[in-house]
Amino acid sequence: MRSISYQELLDAEARAEARRRRPARLLLIFLAAFFTMQYAWEMSRGGAIERLVIERATVAPAAWLIDLVWPEQAVRAEGHRLVSPHGRLSVLNGCEGLETLFLLVAAVLAYPFNWRTRLTGLVLGTLLVHALNQGRLLLLWHAFRHDRALFGLLHGTVLPLIMVAFCLLGFLWFAARHGTRPA
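Those letters in the sequence shown? Residues 1 to 183, per the numbering used here, in order.
In short, the hints are calculated from the structure, not lab data.
Quick caveat, the model's predicted, so the values are computed rather than measured.
Errors might be hidden in some of the hints.
Now the in silico label distances, taken between C-beta atoms and shown as ranges [as the list claims (entries may be wrong)]:
#1 Leu169 x Pro71: 26 to 36 Å
#2 Gln7 x Gly135: 22 to 32 Å
#3 Pro23 x Gly156: 29 to 39 Å
#4 Arg2 x Tyr39: 23 to 33 Å
#5 Trp115 x Leu138: 28 to 38 Å
#6 Leu153 x Glu42: 22 to 32 Å
Where is the CB? At the ideal position from N, CA and C, for every residue including glycine.
Given these sequences and hints, build the entire structure.
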């Protein structure tokens with residue numbers, strides 16, 4: 001049996017690292033992961049999973065948060081709606097922040113982290129997106145109540161871009177902190 005020299009071991013690790021860092025490979029993994037998650041989410045429309053994500057994981061905490069900040073609004077969750085004596089706001093598919101989460105998850109899956117680091121990134125990323133989306137719903141409720149033109153701008157453009165930007169910054173921070181180790 002032939003023994004492997006230290007230099008051969010270093011060369012093999014360098015080749016493995018180069019394979020992990022191939023941009024086309026990272027992009028392919030990213031795109032495959034993102035579109036797979038997006039497709040699966042689209043297939044769940046109208047089902048129990050969609051109701052769980054929208055009604056329980058998104059609307060219920062948002063109603064609690066809005067009521068905590070503005071108790072005079074008396075906001076409560078009714079299915080996919082935030083309801084108050086002052087108005088109703090529907091939270092539909094697309095308002096739960098999953099597209100942003102899918103982008104972040106795809107980035108974590110594509111990047112050459114080891115599996116423990118990857119799992120940590122997925123958990124922290126999920127918490128980050130959920131917190132950002134709850135803040136987004138809080139701001140949208142305020143805009144809905146006070147300035148409908150601002151609501152449209154925040155809902156359609158500004159807040160989704162801010163969520164993606166914060167997730168990108170979070171990913172870059174996480175990648176810089178955890179570096180690349182063999183997967």
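Report the numbers of all earlier hints that the structure fails to satisfy, in ascending order. 2, 4
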